[in-house]
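A.B. asks: Sequence:
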Amino acid sequence: MSFDEEWAQLVAKATREQAARTRLNGDSGGGGGKKLRVTPSELTKRAGKADTVRGNLGKADDATMRETAQVAAGLTGFKSAEAFATFAERWEEQMKYLQGLLSDGVAKPLRTAANDFQREDEDRAKVIDGLKLEEDETGKK
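For the sequence shown, counting from 1, position 59 maps to 59 in full-length UniProt numbering; every step adds exactly one.
Some clues are possibly wrong.
What the hints assert, rightly or not - Below, in silico cross-link-like pairs of lysine-lysine (DSBU-like), each with a Cα-Cα straight-line distance of 35 Å or less:
| id | residue 1 | residue 2 |
| --- | --- | --- |
| 1 | K45 | K35 |
| 2 | K49 | K132 |
| 3 | K108 | K59 |
| 4 | K79 | K96 |
| 5 | K35 | K108 |
| 6 | K49 | K96 |
| 7 | K79 | K34 |
| 8 | K132 | K35 |
| 9 | K96 | K45 |
| 10 | K34 | K45 |
Said to hold, decoys possible - Derived Cβ-Cβ restraints for the label pairs, each shown as a range:
| id | residue 1 | residue 2 | range |
| --- | --- | --- | --- |
| 11 | T15 | R124 | 48 to 54 Å |
| 12 | R119 | V11 | 32 to 38 Å |
| 13 | F78 | V38 | 51 to 57 Å |
| 14 | R119 | E82 | 49 to 55 Å |
| 15 | E93 | T39 | 33 to 39 Å |
| 16 | Q18 | S103 | 55 to 61 Å |
| 17 | A14 | S41 | 48 to 54 Å |
| 18 | N115 | E135 | 28 to 34 Å |
Simulated from the structure, these hints should not be mistaken for laboratory data. In this text the structure is predicted, and so the values were computed from the model without any measurement. For every residue, glycine included, the Cβ atom is placed at its ideal position computed from N, Cα and C.
Take the sequences, apply the hints, and build the full model.
C.D. replies: Here's what the structure looks like:
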């Protein structure tokens, strides 16, 4: 096969692949599916789920570390005992970090967003109610 023939095949293949990628990247045109509906109660519920995950993770970690402590006791006098102690220390640090992420990085921001969302809804309701009140008073005069 000559260079030109090989080049033509490569160009044709690239063109076909580009067309496929363009279709994958494009909008299907089928209209929207489910719509995102965010409410304060939904955000609070999700924060609760993050708390549940955090609690379950803590329980699993506690059970694992109880078992792991038995391994550490069996390594007394071995050179690997120090490495294992380092492992356990780092594991504990990482678990605290992960617990903090679930609490301060997920659950707390979700609750804050829920509270802000609720407050915004209440403020807007007051404005709308005020407009209705003004409209009623204007209509009566």
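A.B. asks: Identify every previously stated hint that the structure contradicts and give their numbers, smallest first.
C.D. replies: 2, 7, 12 and 16
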